[in-house]
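Asks: Chain by chain, the residues run as shown.
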Amino acid sequence: MQKSNVDIRSLQIGFGGLKVLENLDLHVGASEFLVLLGPSGCGKSTLLNAIAGLIEVKGGEIHIGGRDVTWAEPKDRGIAMVFQSYALYPRMSVRRNMSFGLKVARTPQSEIERRVAEAAQMLRLTNLLERRPSELSGGQRQRVAIGRALVRHAGVYLFDEPLSNLDAQLRAELRVEIKRLHARLGATMIYVTHDQIEALTLADRIAVMQGGVIQQLDTPKKIYREPVNRFVASFVGSPAMNFIPGKLARGSEVAFIAGVNQLSLTGYAFRSQPTEAPAVLGIRPEHIELTASNDPSSVSARVEMVEPMGADTLIWCRLADGTAFSLRHDADTQVRVGDTLTVRFPADAMSLFDETSGQRL
Amino acid sequence: MRLSLNSRLSAISALLPALLVMLVVYIGATSWTVWISLTSSRMLPNNNFVGLRQYQILLGNDRWITSVHNIVIYGVLFVSLALLIGFLLAVAIDQRIRAEDTIRSIYLYPYSMSFVVTGLVWQWLLNPTLGIQHVLRSWGFEGATFDWIVRPETAIYCLVVAGVWQASGLVMAIMLAGLRGVDEEIWKAARVDGLPKWRVYVSIIIPMMGASFATAAVLLSTGVVRLYDLSVAMTNGGPGIASEVPAKFVMDHLFERANIGLATAAATTMLITVVAVVAPYLYWRTRKGEVR
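In order, the protein sequences belong to chains A and B. Those letters in the first sequence? Residues 1 to 361, by this note's numbering. Those letters in the second sequence? Residues 362 to 653, by this note's numbering.
Because the hints were derived from the structure by calculation, they are not lab data. Heads up, a few of these hints could be off.
As the list claims (entries may be wrong) - Dumping the calculated SDA-like pairs for lysine to any residue here, alpha-carbon to alpha-carbon at most 25 Å: (1) B:558 with A:134; (2) A:3 with A:31; (3) A:58 with A:31; (4) B:649 with A:129; (5) B:649 with A:3; (6) A:75 with A:168; (7) A:75 with B:552; (8) B:649 with A:131; (9) A:103 with B:557; (10) B:558 with A:76; (11) A:58 with B:555; (12) A:75 with A:117; (13) A:221 with A:290; (14) A:103 with B:544; (15) A:221 with A:58; (16) A:75 with B:563.
Said to hold, decoys possible - Covered by chain A, per the in silico footprint, the following chain B stretches (three or more residues, Cβ under 8 Å): (17) 463–474; (18) 538–550; (19) 554–560.
Don't be surprised by glycine CBs; every beta carbon is placed ideally from N, CA and C.
Use the sequences and the hints to build the structure in full.
Replies: Put into structure tokens, the structure is as follows:
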């Protein structure tokens, strides 16, 4: 199976006067699993459809496997695609759904049978080959749709929110299956989703998009630990990152002043020289630590609400000056509403953002 | 469930008129028709039972045989052509064309005309001395001949042309609704699969549109059974008896030829034919419903 890279150069897409994508560059390496993540309307599906050749581009170039396919028909691009609504052909059996495209392309019958059998075996569809889509569950339908993509032996597989129509449990199952498939085939995959868990679990690299612009393109770990701006920080991660407004102060050491509390920033990797200016501190709930009350860098907070989440517990607290935040703690925590906790914000786990631009400091 | 006497009374009184109409008009009149067809009634109905004599006469009647022959030709051609043309029109409109609303209205417009008007218009158009043939000849095509309507062996096809012209717009509207119900992503998947457009329609879209085709076919078929006014307005059954149809046979014998017995025998024959077609279909439908 060939593995193509995808190269997108200053791509422009618009509908009428509306510009959806402008000068977008993106390189996807062969065998890479790239996830396009963003809220609805951010242009991620538009980008995927443009790669597939399903919408016309206004400018720029798309190269797949080293070949300029900007104006090629979808079938000639060496791609295969899986859709949110499965898009199966409803009156055809599973076998015919998978083989129909190959048959029309005049692939030899023995080759068609071999590929269908192989894909069916990989996706555990062998017993369902004679069924109609209406006789399948949602998860099975989406597996058939993935099978229909696999038999094309494409260089790039495109997924357009393939799990969004499934319930939570099936979504988790199929997510694992897609990841296993990628590990087994080593194929290039581009995957669109608005679900940050899917993005974090599947991707080699994530491109977080907003307003038609890629905000950050990096590994899941980097995206999670070092978001480049407030949008990425707030979009990725559940429960969401805490944001605490305040300002930077330079005394004997750099510190973050939030109301009456002063938090040490020793150990924070500033991107540029910090200046004394309003800023927003971002910190994920699991990075806030409970500590002893005599710790000099600690602050005390009142517990307002306790949310048990099974594996752990989310504790909602409020500082003396009214700032609210949440922190993650053990499932068997003894903390009760009304308790006062002493907490510490480790500088190396923080993200600091400029108050006006929202960029990471 | 217990209903108060009051609400039960109001429910019954609301249903009563419909029930009476049903009993008296449909079942009553139908039974009476069947009974009269078994009597020797001529101008006025009588109760002189003669068994199946009227049916014997009917089957020996040239005009009836021609009528049946015609309705078969008309039925097959009208339904299939209207479905085909209606579907093609819908496909054409579905290509995201400009001025779609206007064109849709134009196509649907003939359906708003009664069969009498349709018949008259087409009578003029097909009339060799007034219509298309005349126009062609006056343009210099001296040899142009288009005289189907005055030739006995082709007159019935003129009714088909007019009928299809009138009904295609309706079929188009039904089919367009069906086409618009097809998920956009199926089209995308077909494009990625590299299927040519005609192939998508033939192998994927048409099989999905069974309900639309069934609806259109049923509507068209009822139009076939009751075909009367088009024949009257366009050809008045002529030339001779060449474009007679069963409904016209019944009406003529009831009101002009004063032969009620024969007319009711013809009407009953039509009823039996329709039931013979519809009953197995309904049976199949209910069976299918139970299986689900």
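Asks: Each hint should be assessed against the structure and marked as holding or not.
Replies: Status of each hint after checking the structure:
1. B:558 with A:134: holds, 24 Å
2. A:3 with A:31: Roughly 6 Å separates the two Cα atoms, so the pair holds.
3. A:58 with A:31: violated, 28 Å
4. B:649 with A:129: holds, 24 Å
5. B:649 with A:3: Given pair residue 649 of chain B, residue 3 of chain A is violated - Cα atoms ~48 Å apart, limit 25 Å.
6. A:75 with A:168: violated, 33 Å
7. A:75 with B:552: holds, 7 Å
8. B:649 with A:131: Roughly 18 Å separates the two Cα atoms, so the pair holds.
9. A:103 with B:557: holds, 12 Å
10. B:558 with A:76: holds, 16 Å
11. A:58 with B:555: holds, 23 Å
12. A:75 with A:117: Given that 25 Å is the threshold and the Cα spacing comes to 22 Å, the pair holds.
13. A:221 with A:290: Holds, because 24 Å separates the two Cα atoms, which is no more than 25 Å.
14. A:103 with B:544: holds, 23 Å
15. A:221 with A:58: Violated, at about 34 Å.
16. A:75 with B:563: holds, 19 Å
17. 463–474: violated (count 0)
18. 538–550: Contact hint for the region 538–550 of chain B vs chain A: holds, 5 residues under 8 Å.
19. 554–560: That given contact holds, which follows from 5 residues of the region 554–560 of chain B lying within Cβ reach (below 8 Å) of chain A.
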